[in-house]
Structure formats: C-alpha cells, structure tokens
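Novice: Residue numbers (the numbering used here), protein chains in the order written: chain A, 1 to 312; chain B, 1001 to 1217.
Just to be clear, a hint being listed does not mean it is correct.
[As the list claims (entries may be wrong)] Just the calculated beta-carbon pair ranges, DEER-fashion:
no., chain 1, residue 1, chain 2, residue 2, range
1, A, ALA144, B, LEU1150, 37 to 43 Å
2, A, ILE178, B, SER1156, 38 to 44 Å
3, A, GLU193, B, SER1120, 45 to 51 Å
4, B, GLU1013, A, ILE178, 28 to 34 Å
5, B, ALA1031, A, GLY280, 46 to 52 Å
6, B, GLU1013, A, GLU193, 24 to 30 Å
[As the list claims (entries may be wrong)] Below 20 Å or equal to it, Euclidean Cα-Cα: the simulated SDA-like pairs (lysine to any residue) are:
no., chain 1, residue 1, chain 2, residue 2
7, A, LYS297, B, ASP1063
8, A, LYS293, B, THR1066
9, A, LYS297, B, PRO1004
10, B, LYS1003, A, GLN295
11, A, LYS107, A, GLN175
12, A, LYS297, B, GLN1064
13, B, LYS1003, A, GLY259
14, B, LYS1003, A, TYR260
15, B, LYS1189, A, ARG135
16, A, LYS297, B, LEU1058
17, B, LYS1003, A, ALA187
18, A, LYS293, B, GLN1064
19, B, LYS1003, A, GLU296
20, B, LYS1003, A, LYS283
21, A, LYS303, B, THR1061
22, B, LYS1003, A, ALA183
23, A, LYS283, A, ALA176
24, B, LYS1003, A, GLU292
25, A, LYS219, A, GLU188
26, B, LYS1003, A, GLU228
27, A, LYS159, A, PRO49
28, A, LYS293, B, GLN1059
29, A, LYS311, A, ARG299
30, A, LYS293, B, THR1061
31, B, LYS1003, A, GLU288
32, A, LYS297, B, ILE1146
33, A, LYS303, B, ASP1056
In case anyone wonders, no lab produced these hints; they're calculated from the structure.
Note that CB positions come from ideal geometry on N, CA and C, so glycine has one too.
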Amino acid sequence: MTMLEVLDVSGLVTFQDSGRFGWQSFGVPISGAMDWFVQRAANILTGNPADSTVIEIGLGEATFRAKQNCVLAVTGAGYEVSNYIWTFPLWTSFFVRAGWQVQVKKKSGGNWAYLAAAGGFEVDAILGSRSTYLRGGLGDSIRAGDLLKTGKSSRGFDKLSARTFPTEKYINYTQAPIIEVIAGPQAERFTKEGIQTFYESEYRLSKSFDRMGYRLEGKPVPHNSNAELISEGMTIGSVQVPANGQPIVMMVDAPTTGGYLKIANVIRADIPLLAQCEAGNSKIRFKETTVEKAQEKYRALMKGLYENRFKL
Amino acid sequence: MLKPLGDSALLVELGAEINPAINQRVHALNALLHANIIAGIIETIPAYCTLLIHYDPLQLTFDQVTHWALDKLNQLDDSYHRTPRRIEVPVRYGNAFGPDLEAVAASKGISPADVIQIHSAREYTVYMMGFTPGFPYLGTLDERLIMPRLETPRTSVRAGTVAIAGSQTGIYPLDSPGGWQLIGWTPLKLFDPTSTSPFLFSPSDIVKFIPVEDDHA
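All chains should be modelled from the sequences, with the hints used to inform the complete structure.
Specialist: See the structure below:
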C-alpha cells in the first residue's frame, strides 16, 4: 500500500473509473472518465484491471508527494509530468521514490490527463462506482491535503515501471479532428441545409464546456419546425441542437434524458478525440458513418487495450 | 419506430405525445424486456413515449438487439397489466415551503386552497425520471394548474420541494437550480445513495400528495 499526499490542485480534479451503470432510469448519469481510452491505458500501464479508479485532472494541474515508493503513469493529451528535476513522458509508467513530488500540469493540445497508480486508488463505491459526479453529490473533488490510498500492486515495481503504451497506433489526438457520428433519431426534423451545414462546416468548442456537455460554436443548424422534443433517453455523444442552432454534444455527466432534437450521435471510438479538443483552439468536423463500422472501430480500440495488457 | 442512438443504444418509439396509455406501454415493454433479459444489455431508460436500450457493442450487434426488442414488442399485449407501487407523499403547501403558490393561484384566478385541493386530488404516474438523480416527472396535472416555467430559473431550490410546470408536477431530490413553479415541500428523502434502496420512486410508480399542516409533517 502507498499513500499519495495531495499538495496542490487547480482545475477539476476527481476520481473516475469506467462509469456508474444501472441507475440511468433513475436519472443518474454514467459519469466516469471523459476520455475512456486514456483512463484504461493508464491502468494497463500500471498493471491494474482496466476499469480501476484513476485521478482525472481536467484543465488544471495537480501536485502530489509520494509517502512510499510507488509506480505511477500519466496518460492523456496536452499535459506535462515532472518531479521538478526532470520530466516524465506521458503514456509511460515510472517509478517514484518515497518523498518525491510529482506534478501533472496542463500545457496545450488536450484537456484531460489521467494519473494511475500501481494497485489502483482505494475509494468507497457509491451506487457501485468510484466515479465522482459532483452535481449529484456523488463523491467530492480532490483537494490539497487529501491523503490518497492505493491498493496492492499486481506485480513488483521493477516489472511495472518504464513501460510505454503505443498510443499513436490507436488514436491520433489532434485539435483538428474529423469526428465520426451516426445520424440521430430526429435527423429528419432538420432542414436539408441544416444537415449539410452540420456535416460540411467547421465547429469550435465554446469556452462554456464541462463534463456534462461540449457546446459548439459555428454556423447554426436550422430545424424544420421547432427544436423541442418530448424528453427521451440520451447517451454519451448525443448531439442536441437547441433553438439557437448551435450543437451541444452530451458528455459523461450529461442528464440521462433530454428534450432537444438530436441530429447525430458521436461514436464511442471518437469520444476521446472530441473530449481532448480545446476551447477556442480546435477545428472540429463531423462525418457520418454506420453503426456497424462504428462498432468495429470501437472493438479495435478495446482489442488494442487488452492486447497491450500482455505485451507490455 | 426502432432507431439507433449512436453505436451502443437503441431507441424504441411508441408514440409522440405525453399520454398515459402510451406511457403505460413504455413501462410494460420495459418490464417484459427485463423479464427476458439477454447478455450484453446494460440498462434501459423509459421516458414518456420512448424506451432507450443501452447495450454493449462488444457482446451484441445492433441487429441482435433490434431483433430482441422487436420480438418482445410484438408479444406486448394491450391487456398486459402490472400493479404499480403506490406512494403517499406528505406535503406542506405554500409560504416558505412553496413560494410560488400564491402567484399560481392569482394567475389562475382561484384561491391557494383551491390549488392545494386540485394538486392533491389526483393520483399521478412517474412517467419517467431524469434531470437530477431521483427526480420524478409526474403526470398528468389537472388543466386548471397548467403554468409555464419561470422566465428566470432559480439558482437554488431546496431538496424536497414540490413544483409544477406545464402538464407536469415533480419533486426536487437535491438542492439544485430549478425553473419550475414551487408550491410545497415534503420531508421525504427522495435520494439516499447510502441506502440499499437509494431511490424513493421508480418509473411507473403511482404517487399521491397528502396536504399536511405545518406542525404535523
């Protein structure tokens, strides 16, 4: 067992696992990591089951002091990790000696980083998950002064450190992504021009974005009639278009139901790309695909993650 | 009627209006699917006139899920009958508990006592849950109480507050922002994450409001 002391945090720093399932019909969102691929990769690097709890660092920085020796890994996009003397590469597990300070700090090229520790973080489950959902009062932010406990490492530290995950084989994080979507259940309630605008123009991520939703800015997408819909279930990646014509992509903390027309749904495999798009900086385009192709792409990413559990 | 929502959910549309009969069919289909669950189905979200089925694309294809759902939909008989749970909710109406009660009454040209009487007279169905954990969308409200949402939503509404908007009534489970008209408050806890049954309500439950005086609740 290892303790990490939190020295300093800024931005949105919370525990997340792969999500809270089974309570959506009561209005509880899935939550979990904003970038599901990166969260799993961090766990694989540190020898943990892929769904284990990690620390999500969003739009800010976090500094820790190791109370005991440990192995950590930081994955994500747009972050730098250092011990104040040298930097550690992202996507590589590293050994940390008792007493060292480790800082994870946002630079540019992404929003979310994930810190995993060999043995996983020990957090009490709420409704079966360790994911923090602040708006619903499930869990709390990580604060300076907190002492974070890890479980027992699956292998010796010598076997777990200095392993690198070959991310670029699977996902190329970019600020100009082409995000694949499946046509939404109300796509026919948009005008022809609206559909064309959505697929042919470029969107920026608005500054008002969070774990609930990514508000996009660009050419408005007009509806045929009105934008309202009798509320129905939604999912991560659902693209709602309210009356102002500016699309909003539902993310992990989004409400389980919504009452705006859904023009499209971002495929699971491309949620990480969208999640790491920065406000103001990114140029987002959408491209239609089929359910079959989307599922193949998702399976390929999952296969990549699991193969590396044994290869690294 | 059956449409994909992304690559891991299937939307079943049973109608396009808020109507007790359609909502009954949603809950009946939901119960039938859960009684015949297959591996790879993660969870379902019943709503007013739709049912969303979340599935794991590592275990099921879209065609497999569609086939399963369609098969059960065809078995759904109009005589299918379930006995829903009935939950009584004590409510203190008006004053600080329901700050919009007077305004609702005034805008409808009736007395606050009439609003209380009308609101608590009928039984409501939990058509669906959403907004925040444990929030029940209850319907259908008596036409005499139909009010628009507030023009400017409140930034903070106390947990337990009973409210109305459009043809619906609901109860805020958590302290949260809210745009509905607030008419009362219940001491019942709608959401307790530490409990073995964390939610007071489930979709399809029947709810009856019981007016209580200040010193009884």
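Novice: Verify the proposed pairing of B/LYS1003 with A/GLU228, using a straight-line Cα cut of 20 Å.
Specialist: holds (19 Å)
Novice: That 37 to 43 Å hint for A/ALA144 and B/LEU1150 (C-beta), does it hold up?
Specialist: holds (38 Å)
Novice: Tell me if the straight-line CA distance from B/LYS1003 to A/LYS283 falls inside 20 Å.
Specialist: violated (30 Å)
Novice: Keeping to a limit of 20 Å between CA atoms, is the pair of A/LYS297 and B/PRO1004 held or broken?
Specialist: Distance of about 17 Å is within 20 Å: holds.
Novice: Does B/ASP1056 lie within 20 Å of A/LYS303 when you go C-alpha to C-alpha?
Specialist: holds (14 Å)
Novice: Given the hinted pair A/LYS297 and B/ILE1146, is their alpha-carbon gap at most 20 Å?
Specialist: violated (48 Å)
Novice: Measuring from beta carbon to beta carbon, are B/GLU1013 and A/ILE178 in 28 to 34 Å?
Specialist: holds (30 Å)
Novice: Need the status of pair A/LYS293, B/THR1061: alpha-carbon distance at most 20 Å?
Specialist: The hint holds at about 11 Å.
Novice: Would the pair B/LYS1003 and A/GLU296 pass a check requiring their Cα atoms to be no farther apart than 20 Å?
Specialist: Distance of about 19 Å is within 20 Å: holds.
Novice: Mind checking the alpha carbons of B/LYS1003 and A/ALA187 for me, to see if they're no more than 20 Å apart?
Specialist: holds (11 Å)
Novice: Given the range 45 to 51 Å, decide if the beta-carbon distance of A/GLU193 to B/SER1120 lies inside it.
Specialist: holds (50 Å)
Novice: Hint check: B/LYS1003 vs A/ALA183, CA-CA at most 20 Å. Holds or violated?
Specialist: This hinted pair holds, its Cα atoms lying about 10 Å apart.
The structure shown violates the earlier hints numbered 20 and 32.
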